[in-house]
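**Student:** Sequence:
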Amino acid sequence: MQTETADLIASLSFELEKKYRHLSDHPAEGHSVDGVEDVELSPRRLRRAKTSYTARAFRQRARGEEHQGYGLRRGRGVTPKAGDLVLARIATIGQHKRLESYNSRRRNLFMGDEVIVAYGDRYAPDQFLAEVPRNLNYTNLVAAGGMASRVIEKHENIDPATVLEPLGLITRGGEVVSLSDTAPHEITPWEQARETLGEDGPTVVVVFGSSMNSGKSTTVGCLVNGLVNAGLTVHAGKATGTGAGNDAGLFRDAGAEKVVDFTDFGLPSTFRLSFECTKDIMFSMTSVLSQGDPDVVVIEIADGIYQGETAALVADPEFGELADKVLFACGEALSAAAGVGLLQRAGLPLVAVSGLLTSAPLIAREASAVVDVPVIPTYDLCEADVALRTLGLDAETVGA
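Once you know that position 63 of the sequence shown is 1473 in the numbering used here, the rest is easy, because the numbers rise by one and skip nothing.
Don't read these hints as lab results, they were simulated from the structure. Treat the numbers as computed from the prediction; the structure is a model and nothing was measured. One thing to keep in mind: the hints can contain errors.
[Said to hold, decoys possible] Computed cross-link-like contacts, SDA-like style, restricted to lysine to any residue with a CA-CA straight-line distance of at most 20 angstroms:
no.	residue 1	residue 2
1	K1460	V1446
2	K1460	D1536
3	K1491	D1569
4	K1460	N1656
5	K1668	N1656
6	K1507	M1521
7	K1507	N1518
8	K1491	N1639
9	K1460	R1544
Build out the structure end to end from the sequences listed, making use of the hints.
**Tutor:** Below, the structure written as structure tokens:
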């Protein structure tokens, strides 16, 4: 009886997965053989595949090698890991109908397209909660920047995820290729990275938010633009989140001379990383962005301040010493009050609230009545005097 019940539960579970994830009755090509099998990946096939933003460094290396010497590893004995690059076929088009390419252009997807993406975990309240699957069977495209992952939950207001058919992990020289193999920067232990900063380094500004889509990236972009308009040299980055090029592109457009994100350190996302690794990334990124003698470094922290790795950073004393100034982006007065209180209790140098709530003057006035820091309209930060005043900087002194 127990066996029959277990079989029924397994059958129902599979049918529900088919319904909500559009899976197939047949295994994916990458999961169709026993054990582990290595096959050649032809230069033509590799060259024709649509390469995602997260895999942009791999594309550059492969082009330099004329796409020679690569293979695919497939079979039921293969277990992918976060960061592994996979060649996959578009099986069903769902929420993500376009793939952000190596140059951040969003390329339309068609059934049967072959794409190069990276496995990774995703935490996005407005979209998907997803994890790296245990095999190379059908999985999902959970981020336009190029992430393969198994959907666990989705927001009710979005479509089911686009379905990928993994064809095999990309290999070279008998080893699976990971994002970290081609990343331009290395993650170093935070203590080591901190030693490179010194006391005369740039002003380090960190932007937190109440949630996804609270206006953090726009706040960073406008602040960068205002500081550049004041004649300062600014470098910018995004330390946590899910791989995508739109934020990095915004920071460049705003005038930042150097821009990096965590994918430049070999990570498809930062969800489910240990706190120690998250801390290493934050300090390593600050070290990289401090090179070249900028006046100010501005770094965005993704998601909300209650999210796992973000909450841990907020509470960390060494992080508190790293951040010279902190801004908080949010969408309503209640979030402003709660966020300001949390950041101030953590002892962080909060200087202003901005973000989505400032698009509504009534909400901004409500927030101003319940917090003891300035509430600054996001686009006002593009004005040189506002940006400098917000950070308490003097352009002549800082830029000297």
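**Student:** If a hint holds in the structure, say so; if it doesn't, say that too.
**Tutor:** A quick look at each hint next to the structure:
At roughly 25 angstroms between alpha-carbon atoms, K1460 and V1446 are farther apart than 20 angstroms, so this suggested pair is violated. Between K1460 and D1536, the direct Cα distance comes to roughly 26 angstroms. Violation of the 20 angstroms bound is thereby established for this hinted pair. Of the supplied pair hints, the one linking K1491 and D1569 is violated, its CA atoms being roughly 26 angstroms apart against a limit of 20 angstroms. A distance of roughly 18 angstroms separates the Cα atoms of K1460 and N1656; the hinted pair therefore holds under the 20 angstroms criterion.
Proposed proximity of K1668 and N1656 is supported: the alpha carbons are some 15 angstroms apart, at most 20 angstroms. The suggested pairing of K1507 with M1521 holds, with an alpha-carbon distance near 10 angstroms, which does not exceed 20 angstroms. Proximity of K1507 to N1518 is assessed by CA-CA distance (about 6 angstroms); at most 20 angstroms being required, the pair is judged to hold. Among the hinted pairs, K1491 with N1639 is inconsistent with the structure: their alpha-carbon atoms are about 43 angstroms apart, more than 20 angstroms.
Distance check on the hinted pair: K1460 and R1544 sit about 24 angstroms apart at the alpha-carbon level, beyond 20 angstroms; violated.
Of the numbered hints listed earlier, those contradicted by the structure are 1, 2, 3, 8 and 9.
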